[in-house]
Each structure stands twice: as C-alpha cells, then as structure tokens.
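So the chains spell out like this:
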Amino acid sequence: MQPLLKVENLVKRYARRGLGDAREEPAALDGVSFTIFPGTTLAVVGESGSGKSTLASCLACLESPTAGNIWYEGKDLVKCGERARRQARPQIQLIFQDPASSLNSRWSVFEILIEPLILQGKYTSEEMKQRANSLLERVGLAPDIVERPPTELSGGQRQRLAIARALALEPKLLILDEALSALDCSVQAQIANLLVELQSSLGMTYLFITHDLAMAAHLADQIAVMNRGRIVEQGPADHILRQPKHETTRRLLAAVPRIARAAFPAVEY
Amino acid sequence: MASVLEIQDLHVSYRSRSGMLHPALAGVSFGLLPGEILGVLGESGSGKSTLAVSLVRLLPGNGNITRGAVHFEGKDLLQAKPEELEQIRGRRISLIFQEPSLALHPTMRSGEQVRQVLAAHSAPGKSALSERTRQVLAEVFPEDADRIARSYPHQLSGGQRQRVLIAQAIACGPSVVIADEPTASLDPATQMEILGVFRTLKERLGLAMIFITHNPALLSGFADRVLVLYGGRVAELGPAAKVLASPRHPYTKALFASIPAVFEESGSVPRKRLAVIPGDSPISCLPRRGCCFEPRCTERMEICREREPELVNLSASHTVSCIKYEN
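Residue numbers (my numbering), protein chains in the order written: chain A, 1 to 269; chain B, 1001 to 1327.
One chain only, chain B, in its complex shape:
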C-alpha cells in the first residue's frame, strides 16, 4: 500500500547559544499508511516532539533540518515554498498539541475558534462557514455542540477542551493528523475517552494519524503500528500487537518491564521493586561510535560499541535496529 506520508532519512539538529550543533533526529525513516494510527513511542530526549514539528517545518529558529525528505501528495515538504506549506498546514496536515488550555484563546468562544480555522483556509460565505463550524463541532460533541460553541475555554473540562482542539484539527478535512502527547495532561478516564474520539474519527473520516506519546500502555488496542524512538533513531517499528506483546529491541523490552505489573492477572499484588533501565536517557543523540543504547543495554556485545546497528527486517512489517538480530 502506498504511504500518505513518507519520511526518508530525516536529520534534525538544534544550534545552541554557543553555536554547537546538537542532533535531535539522526536518520529517521518510515511511511504512514492511509487510514492508520501510527503510535510513536519515546521518552524525553528521544526526538519525538522534534519529529512532530519538523514534518510540517514548524521548528523553532535554532532548529535545522540537515538532511532527508518528507513526501506528501507528490511533494517534498522539506523543499516546498512557504506559500505551498501554508496550503498544507492545518488544511491537509494538522497538528494537535499537549496542553489544551494553552492552545485555546482564553477570551474567545470555542465556536469562534473553530470558525477562524475554517475562515483562514477557505473563503465560503458567512452562512456556509457557520454551517460547517456546526458540523465540525457536532462531529466531536454529538450531544451538545451548540452549548460548547457558546462556551469559553475556562467553562470547559480538560477533555472538552481537547475535543475543541480536535475539532480545529479536523475542520478542513485533513488527510493526516499529528498529535503530540494529546492526552498527557488528562486523567485516565478522560484519556480513554479522547482515544475513543480519535479512533471513531479515524474510522469515520479515514484519517491517518501520528500519535506521539511516552506511555506505551496507551497504544495498546489503540494504535495500528508502533514506532519506538530512542536517541533520535528508530529502534523498532512494527504492528502494535507484535511490538507491544513481544518487543524485540532491548530498549523496548526494558521500557515495558519498568511499568508496574497489572495486578489482577498475577497471584498476589506485585510489590516493591520495579525493573529499571540503568543510567539516564541521552540528553541528545551525540554522534558516537556504536549503538546509542549500548551504555544502558543489558544485552550488549563487544561489537555494539564499534558500529551503529542496521535496520533488520524481522518480517515484512516488523523492523528492529539491533545488531543482535543482524544476519
């Protein structure tokens, strides 16, 4: 199946005030299939938020895309002119951020905030605009879209605010939505509710989605495929069921082992010591010889220090970047 969004060998660096270049992504490649939810899993410093913004070229001023290509609808977004990007951002590819209370204007009714997104991208008549605004809000609030449209953000709950952001994101009928930790500030019940909204929208509108999170458990039963980022590189990519149930990369395995066990399935309440990954996560993926997970890896070999691992295809859809699985 052809990808809607094809990322090839993406390299991104940030320039610090002292002029040093700090790489954040070092050769990330993957394709987003039509209508799929791709879960991107990574901890702080893995480059997951850099990935989200660099796909639509919204990096801060000190960020540079140094190499790579992002193919979307026959264009390389990294070579596109600013006018072309304006046509794509928010209309064909939209972004949803983590903190819904910061992303909304505090003194503007939420209906107006959705309406302005529509007005910025298309210029139909006044009544058509209002009609479309109502439709979009009804998509995420089937019950009380009108009341929500009249409300200010502070009158809404965290989950409702996040739905307003989702309404903004889907307003222009994009084919790709990139969501960066959209549920991190919500409590678990609301988190589940928002995942349900995404899932429903994906099925109804055929959206393809990149869902970025640091919580592997959220992806279970939600994402179709999972991409694990570590130190700005792809550690593992495969079908969600495979990666979550039987991870192959030593980092993915160690990460899952550090989550408190599920109580009801074990005989007694598990107690007292959680498995941890030794050491700290890399602050930046400094160029170094060998695998970037090697210093923390429990399965390391001599050779891991000498060269970077290659991507190994375990099956047609499951790849892992670890020397252990080579040949």
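Next comes chain A alone, as it looks inside the complex:
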C-alpha cells in the first residue's frame, strides 16, 4: 500500500529576531522522518518544546520547512508549486487544543461550519445547508444548535464542532494537535470514541500529537517519540509501550499518572 504521507528529513529553523545576530537558532525540527498509511493513526508524543507543534504547522503548510520533503500521496508539498499545494491543502486539516479560541465566538455554528465551503466556492447555499446538517449529525451534535454561537456550547460540544468543521471538505488526513488535552476526562473519552468511529466509517487517517501517552496508546497504531526536534524512537504502539528503548520514552511512561499506582514516586528536585 502506498503511504498517505511520507516525511523525509524535515528541518525547521526559526530565525533569530535580533539585529545583526547571526547565530543560528537550534532547529525546532532536526531531520524528522516517518510515514503514515491511510486509515491508520500515528501518535507523536513528546514533552513541551520537543517540536511537536512545529511539525503540525509544517505538515499543514502553515509554515515552510527549512529543508526536507513532505510527500503527500506521492506529491512533494515542499517543492511543488502553490497551485498543487492549494489542491492538497483541503485534504489535510488541523484541529487545535483549545476549542474555545479556535472558533469565532461572534459567528453562529452554521457560519462556522460553512466557512470552508464558501472559501472553496463550489457549493450552492442549499448544498451548504444540507452539508452543515449532515456534518453535525456525523459528530453527534443536535441540528437545533445551528443558530447558536459557540460560547453557548460546552467544551465537548465545541470540540465536536471543531471536528465537524475540519471534516467539511472531506479531508483524508486530520492533524490533532493536543486536541484532547484541554477537555475533562469524561469528555476526552467521548471525543476519543468519536475519532475512532470516524476512522472506521470514513477511513480517516490521523496524526495525533499529544503528551498523554495513555491516550496515545489507546488511539494509535504507531507511536513516534520526539525529543529536541528529533524522533528518538518509533514503532508499533504496543511495542513502544512494552519495551521502551529511549530514555525520553521511559521518562514519559513513568510520568503517566495512573489511578491504581501504589505510592508516589520519589521526585528529586
């Protein structure tokens, strides 16, 4: 099977802002390579500052990488022209951590949902209305909320709405950048179940970025562990969890809080 996304030696450096400061900033991404096959989930885990979110922005074409290739369905998104990139972009959608700040609070649910459709300019208003309703149904929201602003929705409903908006253009790849971290435990479980359902009904492919290894273990087929802009370990999820090789993985595993743990581990500081 052909991979949906293949990333080779991706490097991203941010320029220093000071005048005349010629020193090079350490790379936010330092030679990252991985592949994702259609219909599977790759979890990228790592501590804050390990480069996870930079990776998400590069893949969604929000930032251009300093070096490396991003092959999406056999096309290199780094080297190809703007026209080809425009065609690929709707197929890669991004969902952010905080649904409250990624939804315009002055718009209604309906306006939020049809915005991507309007931008594509290919749909009549009747089609858009139908589309909005079927999207809401798909993510388990009641159709009667279309006129309400997102501020009147609960955290879980808002994240469902963000997912519905991301699905509007029928993407193949969803990049979830800490999409569950800001939610309550019971709501996390609801959204995680929704993601699994969408994967089996629509054949979605996920890049799931998180620092929660327990959730990564639950959702992912493959896990890549990042540290300082590099992938230090990657492989099948259960393999990584059972036999962590790299120190970062072990540290992340040790930090997974669990309810049944007998005693608090001694922490040196």
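Calculated directly from the structure, the hints in this document are not laboratory data.
Among the hints, a few may not be true.
[To be verified] If you want the footprint, here are the derived chain A segments under chain B, 3+ residues with CB under 8 Å: (1) 25 to 37; (2) 102 to 113; (3) 152 to 159.
[To be verified] Short derived list, chain A residues pointing at chain B, Cβ under 7 Å: (4) Arg138; (5) Ala142; (6) Arg251.
Glycine included, every Cβ here is placed at the ideal spot set by N, Cα and C.
Based on the hints, put chain B in the right spot on chain A.
Okay, now just chain B, sitting in the frame of chain A:
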C-alpha cells in the same frame, strides 16, 4: 483532629446579565485537616474554581455567597471585614492559579516578584526582606535560586514559573495553600515534578493544601483525601486510597472508567472504545427535584428523581451522597 479550615453549607450563585441567579455551589461542607493535601476533583461546571475563590472572598462582582460559613483561625471569613481579610489573604491563606505565564509580571525579575509579596505583608528592613526572599526562593530552587531570582519570566520554563508562583504563595508562611489546577498547562514530566515540590513543602512546612484538579490520576499517591464535586455539591469525600481504588458514588465510578486503561497491566493493548458518561455535564446546578447526577446515572432508581440524596457515612472518614447507600 480539629480542622484548620472548616467550610459549612456553602452556597454561591452568579448573577447573569439578564438578572437571573445561577447557583454554582449548593451546600458544600468539609473540613481541611492540618498538614493534609485535600484533592478536589471536578469537571468543568462542577464549581471547583468557584470554591477556590469563594473561600477567600475573591469572587467576581456578579458572584454572591448566599449562605454558609468558612471558619479559619477562630473567625468566619464570610463575615470578616475587608481589613481582616487583607491580613489573611496571601499571608495565612494563599492561592495559586493555573496559568503561571499569566500570573507573573512579564517585565519584572522573578526575585522582585517574590519580594513584593513579602513587602506587602510585612515591613522588615531592606536587608531582612532580601534575605527572606532568598530563603523562600531557595526553598523551591535548592540549586540555582540566585540565577532564577535575576531571570525574567520569559527566560524560565513552565515548571520554573510555576515554582516562582509557589514561592510567592509560601513566602509569608501561610497555613493553608489553595491551588486551582496548578499543573494543568504543564507536560506530564513537569507535572510530576511540581507535585513533588508540593509534597516536599507540605512535609517541610506543615502546610495544609486544597489541590483542585479535573484529572483524577494526578491525585493518586499525592492527595491524602479526595473530595469529588458534581454540580456544585459534594458527591463523595474520603481517604484518597479508598476513593481512588474503590469509588462508591456512581459518578466517581463512571469518571474513573472513562480514563484509558493502563497498558502494561492488561494482557494486550486495550483498544477502541472507552466507557463514557452519557449526556453532558450540567452547565449550572439549577435547582431541580432529585439528585443532580440522576439524568446521567446508570444506577438510577425511581426515588432518585424525587428527592436529593443525603450524605451517607460509609465509615468514619468516607462519605458519599447517593440514595443507594442510604440506610
């Protein structure tokens, strides 16, 4: 054992712009024992942050404490005069908030920020102030207190910033610290590190602490007792080991079941469907007949719709508010 802080039948409401009263806490009672860490567990809308601020009367303008009492050092804080409260806030009871990058002044060195807390509450000489500032910072940064004191917040990591906030909170030697989601914005390794700091301080300084979180797993091995809030009411209160290992309230049980299982203990990697609590959490604990968890409860009975549950003592230290356990 006598409590350091005794909360009795606390009721708090918010007034919306249309003038409607929305209750956020409806009859919360508990005592904080000296030197203990009480974990308060609740999801959005459970009233946990309202609880944190109402204990020291820092509610926003539209918030009202409508009933109850908060006894601390022989006084009812809810009846105290503003001057008396000033003597208590930050000095005897201090608060730590969630977002360390917002709570610190961006263009002031962190040492100065700790020093100002001390200066606001006591007026010793200049050199005594500096000496005490150094001591307090050394308490949370045993290694490099001096370097941290000279640093601006943007030069510090999230964990270091949170430690500066902790230094501010313990600067005046309070007997109670209230921390509202202090680790929510940190990554897991740093979270553990900050919990370690709290634990150490509690043992060294004998602090009593109210630690508010939405993540039950954080409390395991950390809190001494756990209080579960749901819809502005106490659902369950008991020793952490008991509540976390064998929860009794249907809400607590359902909440714990919705967390992804721990992989290494099961035979294979658990997969695909997590248990969920049906429905949404209540946006406000509107007065209604019956138990506020009833609409989402899998163990509900006819009677649950008719009256509110009473607090039932399962043992001397473990109470639960559920009709199932009555008589």
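Results of checking the hints against the structure:
Against chain B, the segment 25 to 37 of chain A contributes 0 residues with a C-beta closer than 8 Å to a partner C-beta. That does not satisfy the three-residue criterion, and the hint is violated. Evaluation of the coverage hint for the segment 102 to 113 of chain A: breached, as 0 residues show C-beta separations to chain B shorter than 8 Å, against a requirement of three. Counting residues of the segment 152 to 159 of chain A whose CB falls under 8 Å from any CB of chain B gives 4; the rule of at least 3 is met. A cut of 7 Å between beta carbons decides the hint on Arg138 (chain A): the least distance to chain B is about 18 Å, and the hint is violated.
For Ala142 (chain A), the suggested interface contact is broken, since its CB lies about 11 Å from the closest CB of chain B, more than 7 Å. Nearest Cβ of chain B to the Cβ of Arg251 (chain A): about 6 Å, under the 7 Å cut. The hint holds.
Hint compliance for this structure: hints 1, 2, 4, 5 are not met, and every other hint is.
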